[in-house]
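*Asks:* Let the hints inform the model, and build the full structure from the sequences given.
Here's the letter readout for the chains.
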Amino acid sequence: MIEIIFESIPSFWPEITLSLTFVISMIVEFIVGGKGKKSTGMTTGLIVLLGFTVTILQMPFQDLEPRLLFGTMITLDPFAAFFKYLIVAAGIIVIVFSMQSHEVRRQETVGEFFCFIAAMTFGMFLMAGASNLLMIYLSIELVSLSSYILAGFSKKLKRSGEAALKYVLFGGAASGVMLYGMSLLYGLTGALDIYSIQSTLAAGMVVDVHDWSFVVLMLSIIMILVGFGYKISAVPFHFWTPDVYEGAPVSVTAYLSVASKAAGFAVMVRFFYVAFFDSVLDLGKWGSLPLVDWNMIIALLSVLTMTLGNVVAIWQDNLKRMLAYSSIAHAGYIMMGLVVMSDLGLTAMLAYFVIYFFMNLGAFYIVMSVADRIGSEHIDDYRGLGKRAPVIGVGFSIFLVSLTGLPPLAGFIGKWMLFSAVIEAHYIWLAVIGVLNSAISLYYYARVFRNMYLREPLNGDESPITFSPLVIVITILFIIPNIIFGVYFGPLISYAQRSVELFLQ
Amino acid sequence: MQFPILTLITFLPILGMVIVLLLPKERVRAIQATSAVVTGLQVLLAILIWYAFDTAKTGINDIATMQFVERLPWIVIPETPWFGEIRIDYFLGIDGLSMPMVLLTALISFLATFSSFSIKKSVKGYFAMFLLLDTGMMGVFCSLDMFLFYVFWEVMLLPMYFLIGIWGGPRREYAAIKFFLYTLAGSVLLLLVMIGLYFSTIDPQTGVHTFNMIAMMDPANVTQGIFATVGSTARMLAFIALFIGFAIKVPIFPFHTWLPDAHVEAPTAISVILAGVLLKMGTYGLLRISFPIFPEMTLYFQIPMMVLGFVNIVYGALCAMAQKDFKKLIAYSSVSHMGYVLLGMAALNVQGMTGAVFQMFNHGTITAMLFLLVGVLYDRAHTRGLDDFGGVYNKMPVYSFLTVIAFFAAIGLPSLSGFVSEAFVFLGAFQTSKLWTILSTMGIVLGAGYMLWTFQRVFMGSLPEKWESVLNDVNGRELVTLVPLAIIIVVLGVYPSPALNWMSTSLGHLVDLVNGSTGQALISAF
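Chains as they are written, first to last, in the working numbering: chain A, 568 to 1072; chain B, 157 to 682.
Hints are not guaranteed to be accurate.
[As the list claims (entries may be wrong)] In silico lysine-lysine, DSSO-like type, Cα no more than 30 Å apart, as pairs: (1) 954/A x 181/B; (2) 480/B x 277/B; (3) 954/A x 277/B.
Source of the hints: derived by calculation from the structure; they are not laboratory data. If you're wondering where the values come from, they're calculated on a predicted model, not measured in any experiment.
*Replies:* Structure follows, in structure tokens:
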């Protein structure tokens, strides 16, 4: 047993670095930090930033030959590495955001804030590779617990407290249901790791379709789906999302909407793709779960998710809340890739995540910067912003148009890939609903740039709003990939393909 | 490699946009001059293309006879064990179908630039958007790769939204978002069909899936995926989806409701672009994509399309007759005139098709001129109410003379260009369906009705007291925009054969492809 652990450690350095980052930052915070000493908060932030940088620098040296670590706990393959890059890159960006954000900096406990970002990132790294029911559950819980704390971070704000409480209640219920589902699955198969579950189910020994055991199996899958659905905020498990996204500090919202969602999708894809793959009768994906059309169930969830997200977003006047519903809708689009679960579908999901990373983080960054300057996230306060702050206005418009999915911006490439995957698998109706949803989404994204450019400022105040050069530079850094991946996306797709090819089955 | 003239004509405006963005916003003259120079160079390039264009080459579904072809690999993702090669080309080229449109786009953009000099509000933003729009339009007419086509097609939406929404009239917000949503809803359907065609088509040269429109036109290449079976429901739905996508742009009844709003609210120059070029993209798309790629469906829906053409002609004319706003009247007359294009196209014979494409060109020049004329009156009087005017003829003789040319061309009076194209349309349509052609001729009578009535209301009678001091005759800048169009209208009316020569070879080939032996063989299989 101990040899297995020692063997695995060399492949586990990024995760070890992350956990060390968490521990060291916590200790520093305890020793030098304390009430009223805001400056130490920034020190903690820098330590975490350093830790993340070291992590991302270690990753290219990892051998990505697909293999299992710590027995069957964690899978290391290019697919997991892809998500880890995404997660830690988002982590670095979120720390940079938070260091600028007044909302975060003005808190007394700002040091702890960064510690929990590190903990959450560590959890998401585990999620990206988790291949054992226990590991899946533990990593999801680690991420959830950290995010509960971060969501309620602005303690003095009523909406922040409300958000955290709602999050805890929903999260607790969802993970409870998932845990019960996992226990049922374990009871049926006698195995905890998804590869053994796969071989047991595929051998057809434990489950009889004419028997109660089949009902139990179905029940357990649905329960596990609840847990994953909550993590990626798929309808109907999304109710926490708008409140939490609105109540949490913007940087946390950005992190939840990009990294946490990506990790959720990573673990979900791995679990559903591997565990129920029928290799014996050669029925392929979902092959071990006969009689029920799981593709159809995921497709329906996807349709519900994108439609609800887009339709409800139309009525939102708070931009954070609007982006929350928009991120629900985007989860719906990404689920289309899960429906087909083909190679092209998975590639499309991965490519979409990279693009979504740039457009969504960019949009949240603008909302955060503007809120810091004018103290509001209300859509009416964006009136005339295009004239008052030209770079911010242009940047926000580009991010929103990219989110809509119009060429020549990156968002289009993401959508194009997803729709291609769906059409290749002959889910034409799903593609039709998807593109019509894009058209709906234009309406509420356009409301924002309408206010920025077509309308005069609310009280006639046309004085320019100045932003620090750093804000301008970061905005431009987000604009560039949105344009480059829109016109030259070959390397991106090629990288996504390579990450899918060696997916360990 | 030959001189990349199409790349130049397409991306010159982008270069202009970058220069405009770099100029400080106070330097209005410099910004205007940059746009004028860029669009002027575009016209020169277009004339060069016209000069070097070989009218004997067919194009359409034959790469070898496409002209000014530029083909470079754009996105190449090499083949791997799990994935086939993905290849998207940067593929430009023109033939007799697109050449008139390239000329038209260059010309109208140039004239619209001059008309835009009256814009006073954030000039820098205006011209940046204007030039981006220009690139989008030119790109659509030059692309032979469907992915590229789609990118250009969508690039136009955002600038148009802002051009209507920021510089438009009182209800500009409503008009702008309506335009944006309508056209996006149409183009996403186009996106789906495009993806479907990609998975169905194999490029014979490379052996992998392709967005190459020319490869898609050969049934021998379309052998996989959902569009493989000729006459299948999937192909029918695809044709309908494409048709709706393009019909919204044309606009064809019942998808036309965005047009009057957009036209009325848009500033004059943008109305000119909208009527002069943008509407043509819908019919161009039908001819470039729908007809040759789905020939059996084109034949199947031939009569329904003619009926829609008839509805457009008569409904547009009736609506125009009821308008009290000068600009709205011209907008509805556009709906009516685009009906002729659809009628001629659907006839699927050489006369009808030639008439249709020639009508696209003529409508571009005539309607652009009409909108410019309305703009002249509006700039002076700040109203477009037809009943507010009278006796303008006495005060503005040159203006009235130019209006007479445009009006009569719109009615289709012989010796003006509108007549030639409409005559060809009817000549072609009559061979295909006597009933709908005869019914459609009502449009001419109605057209004469509303045009002459408008002329009577605005130009005849006595001039109301309040206009006495405001209405001055056209100035030099306005003449620069109006006179070239008037000359083109008269010259092509008297001597249309050069223009007809540009297109006849290609269109004859297109008709053959759809309605000839290949198309007939496909429809019999269906």
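*Asks:* Which numbered hints turn out to be false for this structure?
*Replies:* Violated hints: none; all satisfied.
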